[in-house]
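Chemist: For the protein sequence lines, the chains are A, B, C and D, in the order given. Be aware that the first sequence starts at 1, since it is given in the numbering used here, and climbs by one per residue. Be aware that the second sequence starts at 1, since it is given in the numbering used here, and climbs by one per residue. Be aware that the third sequence starts at 1, since it is given in the numbering used here, and climbs by one per residue. Be aware that the fourth sequence starts at 1, since it is given in the numbering used here, and climbs by one per residue.
Wrong hints could be hidden among the right ones.
Heads up, the list lumps identical chains together, so a pair's fine if it works in one copy or across two of them.
Said to hold, decoys possible - In silico DMTMM-like links for lysine to aspartate or glutamate, alpha-carbon gap of 20 Å or less:
(1) Lys100 <-> Asp253
(2) Lys62 <-> Asp88
(3) Lys237 <-> Asp188
(4) Lys100 <-> Glu305
(5) Lys100 <-> Glu85
Honestly, the hints are just simulated from the structure, not real lab data.
4 protein chains.
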Amino acid sequence: MNTFGHHLRLTTFGESHGPAIGGILDGMPSRIRISVEAVQERLDRRRPGNAKGTSARRETDKIRILSGLSFDGLTLGSPIGFIIENNDARPGDYERYADKFRPNHADFTYQAKYGIREAAGGGRASARETANWVAAGALAGHLTDLCGVCVKAWISGVGPWKAEDLYSGESDPERIQAVIAEAGERGDSVGGLVSCRISGVPAGLGDPVFGKLHSRLAAAMMSINAAKSFEYGLGRKASEAYGSEMADIFVPDACRPGRIGTLTNFSGGIQGGISNGNDICLAVAFKPTPTIMMPQATVDIHGQECMLQPAGRHDVCVAMRAVPVVEAMATLVIADALIASQAQSHTLWR
Amino acid sequence: MNTFGHHLRLTTFGESHGPAIGGILDGMPSRIRISVEAVQERLDRRRPGNAKGTSARRETDKIRILSGLSFDGLTLGSPIGFIIENNDARPGDYERYADKFRPNHADFTYQAKYGIREAAGGGRASARETANWVAAGALAGHLTDLCGVCVKAWISGVGPWKAEDLYSGESDPERIQAVIAEAGERGDSVGGLVSCRISGVPAGLGDPVFGKLHSRLAAAMMSINAAKSFEYGLGRKASEAYGSEMADIFVPDACRPGRIGTLTNFSGGIQGGISNGNDICLAVAFKPTPTIMMPQATVDIHGQECMLQPAGRHDVCVAMRAVPVVEAMATLVIADALIASQAQSHTLWR
Amino acid sequence: MNTFGHHLRLTTFGESHGPAIGGILDGMPSRIRISVEAVQERLDRRRPGNAKGTSARRETDKIRILSGLSFDGLTLGSPIGFIIENNDARPGDYERYADKFRPNHADFTYQAKYGIREAAGGGRASARETANWVAAGALAGHLTDLCGVCVKAWISGVGPWKAEDLYSGESDPERIQAVIAEAGERGDSVGGLVSCRISGVPAGLGDPVFGKLHSRLAAAMMSINAAKSFEYGLGRKASEAYGSEMADIFVPDACRPGRIGTLTNFSGGIQGGISNGNDICLAVAFKPTPTIMMPQATVDIHGQECMLQPAGRHDVCVAMRAVPVVEAMATLVIADALIASQAQSHTLWR
Amino acid sequence: MNTFGHHLRLTTFGESHGPAIGGILDGMPSRIRISVEAVQERLDRRRPGNAKGTSARRETDKIRILSGLSFDGLTLGSPIGFIIENNDARPGDYERYADKFRPNHADFTYQAKYGIREAAGGGRASARETANWVAAGALAGHLTDLCGVCVKAWISGVGPWKAEDLYSGESDPERIQAVIAEAGERGDSVGGLVSCRISGVPAGLGDPVFGKLHSRLAAAMMSINAAKSFEYGLGRKASEAYGSEMADIFVPDACRPGRIGTLTNFSGGIQGGISNGNDICLAVAFKPTPTIMMPQATVDIHGQECMLQPAGRHDVCVAMRAVPVVEAMATLVIADALIASQAQSHTLWR
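Taking the hints into account, I'd like the entire structure generated from these sequences.
Modeler: Written out as structure tokens, the structure is:
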């Protein structure tokens, strides 16, 4: 299943070390002005090689948009096709892995499922695929921008360090870099937590009962490579809470007369699967990069025990790279829900 | 969106205090022998009123299967339609809420989305809907049984108590009942954690990149009323881990010659979105029941401040009721993936 | 696949001689006033036994709506579940067919596909299923009515008789009854042609490239039992035409200043897969009822030759019964497209 | 909606005079050997400029496959992304149309739907898009080939000429060319009929009730530019037939002991929406190319009457170009149904 979304659908293709990756974004309303430069900027932000502890692979990640835009940059309502060439593919780096299963990677499971796999760089399982998502999220962001939605993600934990309030935006770049540097120097990798706040979402987005907004967000976030948990609002702590402590009491909205707000936001902006107008707050935990620069025992495709001496170019902490991907996936979910809400609007049929 | 699944699709309907709820399960392979009694047993297990601290609503929850089975109980390959009548609906209980928004409920968001809502019992937002899911999960369970899959959920945390190992099956019924009783006596409610272990899953289930098995499971679990977080394998703790500590080293499978196993199961049975043959381990946090037996401030549909004096019949800890629902949703996801894997099987086309 | 539609989705269940048939209509916008009586009237029109030459089966076809409506008949935005009990099921009538394949029926192909089949009345393959469609079409009709759309089907051909202009509404009830009576007296059955005109459709409905409005209509019509061809506008004759003869010349619309019309309607109201504001005109050919009251040679499920002496209750001309079904399916397609057009509207995002 | 298919899904993009068109074919089983040369050959067959009366546009139509294949040409099970560059795009040719609505084209309806349109070559509405379909059909053909399915389409009618038996394969190239040449010399265009025979299809493909095999084929064929009717088996003539004349009597299959055949094939290989093992026979009528080389009256986007002096490069008879497109779409439908039948197989679950 290489398609994501319902009204706004992203379909992608591409192996890590093939000639190119790309996608088709279908369902964008027409006459929205797109800045290709803004899309490129997002891709640049995701690009490896921009920070210490990230992969040394050097890709220009230049997007080529092949359809769906008028000569002056307006969406035509037709699907937006795009490709990103792989310039720095080095399939040779992976020859040593071709017949060995790397621990915690998708090598074994792809082989089990397909009876064949592209060893180089993990093939389709590579996080390189997320460049497609960032491109699509940036395109969709032009729609959410029009609606006043703002999506912001950041690192709220890495290894032993964690922000006290997951949703306050609090971070500690110095500490984060120190943890990553220390792990990297040992040839190790480290996990991390990414928080995300989506503000400006109107009340009424999301669908009962299987299309709950947080269910869609969960599916989106758990699609990201290395994601191990999803939570929103009170999240995991909800299991320890008492009802009397966590009620979001409704009050007349002080700033917007005639509208309704809440005193607190334990609900994380979603009640009964539908946005309530508060900021949507979520967090996603990412495991450490599975590839570490230490010898590891494993088996080969014949079931024989062997040793693996890792090489290739890898991030120390994938959570760092996931920040723009979390934003992109959140943007795609919200854009989809905004379009859906137009279709369902109870005010349009009268 | 009232349909769940891809190859095996459950579509449901029903308001909490309407005449009946029900669903259609489409995509079951033909010639599978169904025990209607086994389905009824599952429903009985979910039924309110069977334990202290659960809602006093008394429903017989008798399922009536209307199609899809031969006279001798074999699936025909046609959709299985079923209904469950609401016998103990008391819409009158909710009249006092008709124009007030209950905190942490879906009242406000449904009104925002639809411009209308069924106040009685939360209408479509009620957990009564999960009876449909349990019925469908029990039907699908006949398929997963044939494949040797076993799905087991249990309470692994409630309020201050939490199991040390989320996936060991460890529970503490006495402690759990004490926590719930204490909260209930105060008119309060309390959150809980449900763990689930799915064993017997063959390697190769799940789809890259947007149909990852854990993404499907996350979407399924986050569809359950009151769910606030989803995690699998190392889960939330992954953000604190180092790569060198959590590698699931591949080894020849001692019990099954020629097959491959792992020394540990930090991955939770899924690697790269595809099952690896190990047990799938996941956990879901549920918030406390939003309705508590204490007066609460709120606003009415005209935006005026008012007080809410709760009544109706409510669980103290929804997590308790969620256990069979978690199992049902997990079963639906695995059954769907099993059917998908037949379609994609690389061994069938040669 | 027992689900039809994209934004407005009908999912159905039911065997001809099971306890009940029914369906779930999901995606209706909220706050639309539904007349259950109007839905029942539509069902009554489809009902067998109302005209000479139709099946003698006597069903009251009373619909029971189980969800999705408020107490005062407004749609809630939640799925509308409904069932229609089978009162006059006589599975015994079909015992003689249980191990024989009736020619031109679905007996053999269901057995091939499913390895099992419900012999009574064709099971799921029975035209009784279309009662579900008529019910859903009548519900959806409340939406299309609001938008000023009018759907009208009629018999435009039966056996040797055919209307000169398929889309003029011309019919000949006397001639039609004579042809059917003659065939029925001989124990034979006869085919027919149903034309349909959909007026009041706004320009802009339908989707390139795989969601063309006529492609959706074709799929809908070819879902109806016994349908063998679909055409719209010039239809089959288009293959004989020259371009210079069939151009629909655009002109300023005389009645609606500032709008554009065409001098002719060879296009049948759809250009490039999208409605142009003209009436949508289509026609569907139906084969004769496969069951005739004459002995027929066939084989049994063991592959042995045998004779079939038909019985049961059957229509002489299924096209007669198909008229309200054609209207229902057309209504579902247009309602779906109307909802889609809201989602895609280029005027909503500015 | 730019996605076609359920298990095997083709998603496409591209405007006629944009930089490139392309698509993603998702759902191909793994380990199928693909000949890129065979795909290219199919594209060459569809290419304009290969016959008299076809457009003078010169495109090399070289396909570039970007993913989904191993280095030695086996499918990986991942999506197959491909692009076809537009080399001979001449948007300037269409400047004269930019503000006029061409009769029987999609100009007016696209403007109505999207509020914007790409005038050059019809943009997304151009038949150039069908190159994507032919590429995907050729890829899918490797799967249908493995299953012994053969798809063959041909011209069975053009203008005044029509084959007596639509499904016999009878054609008359000389007569066809004469009709087209005559029309072309007058600056006119002419309609045509394309027949298609699909042999080697196993019994049991297709789904009741909304996924009938002929319903899927109808939707596929009616997606092709200029298609105005679809019929299968007896087709349109079914409306004139009597049941006693058109029964396909079942008999033991003389060639394949233990299997069942029919004496005739009025059903066109499909009964109750499911293949019965006979050849599937269908026919599609195409209207004349809307653009003719004669002045035509029309209106411009401001609603003012004006004259249109056509230019550009156009086919005289689009049906000629549609032959490989009909084959491609038929192949995609059958491949999809073959994959579906694996998922549903009643023999796999025991």
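Chemist: Can you list which hints this structure breaks, lowest number first?
Modeler: The structure breaks only hint 5.
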